[in-house]
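A.B. asks: Here are the chains, one letter per residue:
Protein chains: 4
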Amino acid sequence: MEQRVRVAILGASGYTGAELVRLLSRHPRVTLAALTANRKAGQTMAQVFPHLAGLDLPVLTTVEDVAWEDIDFVFCALPHGTTQVLIKDLLDGPHGGRLRIADLSADFRLIDPEVYAQWYGHAHQALALQEEAVYGLTEFNRARIATARLVAVPGCYPTSAQLPLVPLLKAGVIEADDLIIDSKSGASGAGREAREGSLHCEVSEGVHAYGIGAHRHTPEIEQELSRAAGRPVRATFTPHLMPMNRGILSTIYARLAPGADDAKVRAVLEAAYADEPFVRVVPAGTLVHTRHVRGSNLALIGVHADRVPGRVILTCAEDNLVKGASGQAIQDMNVMLGFEETLGLAQAPLFP
Amino acid sequence: MEQRVRVAILGASGYTGAELVRLLSRHPRVTLAALTANRKAGQTMAQVFPHLAGLDLPVLTTVEDVAWEDIDFVFCALPHGTTQVLIKDLLDGPHGGRLRIADLSADFRLIDPEVYAQWYGHAHQALALQEEAVYGLTEFNRARIATARLVAVPGCYPTSAQLPLVPLLKAGVIEADDLIIDSKSGASGAGREAREGSLHCEVSEGVHAYGIGAHRHTPEIEQELSRAAGRPVRATFTPHLMPMNRGILSTIYARLAPGADDAKVRAVLEAAYADEPFVRVVPAGTLVHTRHVRGSNLALIGVHADRVPGRVILTCAEDNLVKGASGQAIQDMNVMLGFEETLGLAQAPLFP
Amino acid sequence: MEQRVRVAILGASGYTGAELVRLLSRHPRVTLAALTANRKAGQTMAQVFPHLAGLDLPVLTTVEDVAWEDIDFVFCALPHGTTQVLIKDLLDGPHGGRLRIADLSADFRLIDPEVYAQWYGHAHQALALQEEAVYGLTEFNRARIATARLVAVPGCYPTSAQLPLVPLLKAGVIEADDLIIDSKSGASGAGREAREGSLHCEVSEGVHAYGIGAHRHTPEIEQELSRAAGRPVRATFTPHLMPMNRGILSTIYARLAPGADDAKVRAVLEAAYADEPFVRVVPAGTLVHTRHVRGSNLALIGVHADRVPGRVILTCAEDNLVKGASGQAIQDMNVMLGFEETLGLAQAPLFP
Amino acid sequence: MEQRVRVAILGASGYTGAELVRLLSRHPRVTLAALTANRKAGQTMAQVFPHLAGLDLPVLTTVEDVAWEDIDFVFCALPHGTTQVLIKDLLDGPHGGRLRIADLSADFRLIDPEVYAQWYGHAHQALALQEEAVYGLTEFNRARIATARLVAVPGCYPTSAQLPLVPLLKAGVIEADDLIIDSKSGASGAGREAREGSLHCEVSEGVHAYGIGAHRHTPEIEQELSRAAGRPVRATFTPHLMPMNRGILSTIYARLAPGADDAKVRAVLEAAYADEPFVRVVPAGTLVHTRHVRGSNLALIGVHADRVPGRVILTCAEDNLVKGASGQAIQDMNVMLGFEETLGLAQAPLFP
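Chains as they are written, first to last, in full-length UniProt numbering: chain A, 1 to 352; chain B, 1 to 352; chain C, 1 to 352; chain D, 1 to 352.
If we strip away everything but chain A, and leave its shape as in the complex, we get (with noise of 0.2 Å):
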């Protein structure tokens, strides 16, 4: 058997924290050495998440004692924020020349301080690390990511939206302007804190749009979006709370390009995802749905054609919690350690 890297999670109380849990116990080159949660420390994880309990993992511990001399990789699922003092303490601590990271808080995605500042409302506090820092969308930067010693694992709803535009974007068949992305999530995007906005009663049997024009996740995709057409772009980005747990869908309308149709549209996707093992560009005339993907690290991308003349809408579903977090964070730890990409994130979606 080959050797294992011993893994830290900190912040395991949380759902992202809990996923990665549930995909690291079967990963074959991992051992789970380190779980934090500082509210919770000195509980089991079986306490935290029952649904853990049949595996054999560390007691939850705090950030401060963890073992770090034992650890050779960090999964940072801390709130925004929180985890950017703690990755730079980290990274210039006694171990930091053997640590690698990777970062599901939206503290490293961000390449311009200034527009962290603007929507964060506070200086970065870790500015040559935010430098440093490599955007962990595992498709489109495998060769950064490898040699990377911090990754920042995107957004779930930038995932969702960057995964169908940026092969268009690059490819110039579609127009950068006047992108829409109509977005709709699950509740576990909102994660386990106890708020009035999240119960049963609030989320169930309804539906309804948030932080509309204002949503934090818009620099982020606009950010890559501007990498991906040379340009700057602007893009309108609505999320919307699904009655449901996971996934991700979300409907993004554009314009056609001067001499594109949906079908090279088409073409242009199939290409680039060909070789990919977690996105699929589903046949033309299928759709699309959130539970296809549930549990899985799959991306379902879907092309159609508009009636409107020179637009097309595309479709992207994903579960939030794996694709959208847990999941391509692990798929970025495989390409940082040289691991097979698919390490760990092989299991089938759980339908119905």
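Careful, some of the hints might be misleading.
Since copy identity is lost for identical chains, a pair holds within one copy or between any two.
Calculated cross-link-like contacts (lysine to any residue; reagent style SDA-like; alpha-carbon spacing at most 20 Å) [said to hold, decoys possible]: (1) 40 with 195; (2) 264 with 213; (3) 264 with 197; (4) 40 with 194; (5) 40 with 285; (6) 40 with 229; (7) 170 with 270; (8) 40 with 286; (9) 40 with 197.
No wet-lab data here; the hints were simulated from the structure.
Model the placement of chains B, C and D on the given structure of chain A, informed by the hints.
C.D. replies: Positioned in the frame of chain A, the structure of chains B, C and D alone reads:
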């Protein structure tokens, strides 16, 4: 006590039929005189819809067995396509001179026979009636509805699109091009027919778009938006199936007309609906939820600035079975018969 | 028009408070004169419950700021434990001579102070009122409710257990021993407090029992079943949290008394409820669903033969927020004030 | 790599068929050689179940078109009643000498032909096989399963009743009389057939009991409990349809045998399952949720003291499609073929 009109509901065994019964059973000017359901004739409504067991209702009959001489007003909640000949025969029949009809099917909504034939695959069978029928979006058409013999009750999706867009197109504060209507509907919109795609396991815990670029409500939307804009409008319309029973949320993306902004858009809508009992523009900074209209005839409209210059986002929430179907049909009946428009429609929404 | 009573609702920011507002806003003899919510004082109900935005309601105040001289009747929908002293002070205060109160908390339901202390962990603070309070299961207690100053509105679970069992125990057709009450409740029963266990992700797509052998509704159930049986009754009661918002279904397992059978059981219940507007024994072979009472004050009872000799199975469905709380409170108020018992409670259930 | 067995799944277009495919696609000793669905023959699994699109699977065929000479093992997931003749013909046919079968239908579960005829309304068509078939509740029957040619995989409800009750009846710590099994199942138990009662609008946001005193799983439960008790047992069994997709929770009420208490009950169960990979007795004070087993082959058992003297309450949670059907079938196959029993069944549950 004032005299009651005697009402027949054709197609009482579907969800919109049951919703008509629920609402009309509390209407002070209506007697439910006949309920039809050809395949369930002979059964009681309590057998078909046990939640209505407490009401004193006529037994279900076939359409043929209705005592038409006793009927003043007809709600027709039959499937699309089957309705046009039936209504023609009714109005041409011995009691046709007296009958007035609100038809909830799509049969009389489209003005242009060629558009009808193109979307429904056959020539219309009652062309004169199609021309005579009045489109029943009450807020926009009261005068014509008041004197109509036959009202075509709007579709659920088209209602949620028109309520925000029609006043804006009339006022010229948004562009008529590049309108994008992203709509999310509960499962009751698919009716009570036993189909695999409507099963709990296929609808819950997930979301998908369907009928992309091809849904039959599109020509109805375009017809009415064109009427408002005073020129042909083509709009992009994408319906989505939500894991919930009731409610439609439409998120609408529009370009502002030169000189307009979101405050102007808000002002136009607030003026348009200032005196309307069923349509409410929610305050700035407030979100519309389908939960907030459940079971009621209300529609809520939100106006949201977009970060992208020159654009505005509108949201509209309604209960697809009430303002999107049976409630609006009753509102139309109230207008047709000179009743107070809110009669039978004044209950508060049910939440949670 | 007849004179209206002026009503205060204490605790209007919870689900039962909102449900009182929803129902009372349509009550022809009630004016909503005061709504309190100490932590949300100064807000409008539309801010706290946007589905009630269309109603003309007083702004939320603290309990202290109510103009008590204007109030005739009080609904108290505050948490258990906080209520007893508040109600005592109200009734001892300057306006106490005029006030009548329906209390939806558990504070005045238990007759025996020792039982109260045992289950709630502290001595009761208003013993004289505890003795005076009348238990408000309307169907069983009309005469005493009619003259009561303070009515203790039954719990949601106890109502669903008593409606089938009390007439049977009184008639002696079932044994009082070995009663098993397996109850299933929607999430609104847990209230609007933000707790991890009430989150959508923790409630949807699953089911669990809780409070097994230890739920605080048990002594209330046993007290009232004992009263009906004329001797002490201990019953097994197990609540379950359902992935739904509204509704309680209790499935009850009983042994038949010698000589009794399920037909006899049915006959007793049909006789008991023959003239009741809100309780209905469904026909043999029919199933009761919580869906069939949603939003209404109805309770449905099913009687089912068991294959096991000497046993019978009963089912009872109610809406926990209506007949299980706010609706029954209004029914009690109607009796207390000499109104027709169904006033404000006559709308049909909402399905689907 | 070790040799793989070639497996056929008959009835691959149902939910249990799809679940077999999901699990077996990851089984290291299995090749999926044939999938049948007579009404969908010629389609791909991706067309019927798009969530399985990523797998390399044979096209659906009719049963008749299977190349039986290539098949080693058969999972039969066909409807009750249709199965017995088909399996008889298979085993009597030219390849019958080699085939081994796990049948997920009810056809071979009942030992007594008269009981079968009574509950299914016709004489059994394969009496010799009915006698030969081994009941496949793996934990209780390993030795016989290991050598069986035909295993009758238990029903979903019976599994959740037997796991807690069989060891207790064998140990004599509970009484065999007056057992009450109140079970709650997700909608996938009703299969993928398009029926009105399985529609989202008819299942979500509500709960009801069905088949009260008459469900066909009752004789199976009684047969196996009788075997464990060593004398005839009649049990009360009531199934309920939950507004969720997956999971069964059975809440079981039993009388303690003289001298027994809940600690003794717990001890018996903990001893019985100490070495079992898939059955876990949760710690005292812990609740079992169906959420904690979703997608896995686990069953969780809770032991709860009742306040009523002489009684105990048991809870059991499983995923009805896995341990209640397809997972247990694979567990049986592993035993039949001498594989490690957990092969292909080791993924962690999916939550939320």
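A.B. asks: List in ascending order the numbers of the hints, as given earlier, that are violated by the structure.
C.D. replies: 3 and 6
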